[in-house]
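*Asks:* Each protein sequence line maps, in turn, to chains P and V.
Our numbering runs 247 ahead of the 1-based position in the first sequence.
Our numbering runs 22 ahead of the 1-based position in the second sequence.
I should point out that these hints are in silico values taken from the structure, not numbers from a laboratory.
If you're wondering where the values come from, they're calculated on a predicted model, not measured in any experiment.
Heads up, the beta-carbon is just placed ideally off N, CA and C, and yes, glycines get one too.
Errors might be hidden in some of the hints.
[What the hints assert, rightly or not] Cβ-to-Cβ under 8 angstroms is the rule here; a few derived chain V residues that face chain P:
#1 V71
#2 G93
#3 L111
#4 W120
#5 G121
#6 K122
#7 F125
#8 G126
#9 A127
The primary structure of each chain is shown beneath.
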Amino acid sequence: DAGITQSPRYKITETGRQVTLMCHQTWSHSYMFWYRQDLGHGLRLIYYSAAADITDKGEVPDGYVVSRSKTENFPLTLESATRSQTSVYFCASSKTGNEQYFGPGTRLTVT
Amino acid sequence: ILNVEQSPQSLHVQEGDSTNFTCSFPSSNFYALHWYRWETAKSPEALFVMTLNGDEKKKGRISATLNTKEGYSYLYIKGSQPEDSATYLCASLTTDSWGKLQFGAGTQVVVTP
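Could you put together the complete structure from these sequences and hints?
*Replies:* Here's what the structure looks like:
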């Protein structure tokens with residue numbers, strides 16, 4: 248049972264480049280989420296999805312794009328990476344929208 | 023209260039001592055209060071989900087209480103051990119923002135031998 252996985256686990260990219268972070272879950276959970284870890288803020292929601300083809304903005308969506316063509320995948324794209332997007336990104340999924348299960352995280356560094 | 027707030031931001035505990043800390047959350051449209059345990063370089067792990075006023079949950083030496091009318095929850099660690107060192111996050115779920123957990127900034131607990 249793979250659960251929820253993220254790839255890559257570590258990524259270094261340059262300012263201005265496009266980068267996509269992948270999230271895959273095997274539970275067929277309806278809800279999926281992207282968070283970033285920010286000092287002093289804990290976890291902040293970037294985007295979430297209640298089902299395939301349904302996405303909505305969270306607290307900090309600027310500079311990010313998501314899609315959800317399949318229930319099990321929820322990729323997050325940084326269209327033109329900036330240094331302020333250096334962070335650890337966590338994907339999570341939930342069956343009902345209540346209890347959430349987190350992936351292992353992707354550490355992204357933008358130089 | 024408009025946001026989820028946790029206090030203190032950090033605390034240091036001697037091994038064997040007990041401790042507790044607070045999560046305050048908006049009481050309007052309340053549905054559930056979540057506690058997560060987050061170790062450094064790992065992902066947050068669910069501890070408790072509480073929904074009813076007066077709820078008490080326990081897992082080993084860790085327990086939590088919930089007061090939905092006044093909008094606060096306490097997390098207690100009894101007889102702290104070094105492996106309890108982590109950041110403890112609480113998150114509120116409301117009926118008017120379904121699926122969007124609102125997280126506090128966390129309480130970092132350091133247990134020293």
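*Asks:* So, V/F125 near chain P? Judge it on the closest CB pair being under 8 angstroms.
*Replies:* holds, 5 angstroms
*Asks:* Under 8 angstroms is the threshold here; is the Cβ of V/G126 close enough to any Cβ of chain P for the hint to stand?
*Replies:* holds, 6 angstroms
*Asks:* Are V/L111 and chain P close enough, Cβ to Cβ, to be under 8 angstroms, as the hint says?
*Replies:* holds, 6 angstroms
*Asks:* Does the nearest C-beta of chain P fall within a distance shorter than 8 angstroms of the C-beta of V/G121?
*Replies:* holds, 4 angstroms
*Asks:* Hint validation: V/W120 versus chain P, beta carbon distance must be below 8 angstroms. Holds or violated?
*Replies:* holds, 5 angstroms
*Asks:* Against chain P, with CB atoms and a cut of 8 angstroms, does the hint on V/G93 hold up?
*Replies:* With a closest approach of 18 angstroms, the V/G93 hint is violated.
*Asks:* Quick check on V/A127 please, does its C-beta sit within 8 angstroms of some C-beta on chain P?
*Replies:* OK, holds: V/A127 within 8 angstroms of chain P, min 4 angstroms.
*Asks:* Quick check on the hint: V/V71 CB to chain P CB, less than 8 angstroms?
*Replies:* holds, 5 angstroms
*Asks:* Return the status of the interface hint for V/K122: holds when the least beta-carbon distance to chain P is below 8 angstroms, violated otherwise.
*Replies:* Interface hint status for V/K122: holds (6 angstroms vs cutoff 8 angstroms).
The structure does not agree with numbered hint 2 stated previously, though it agrees with all others.
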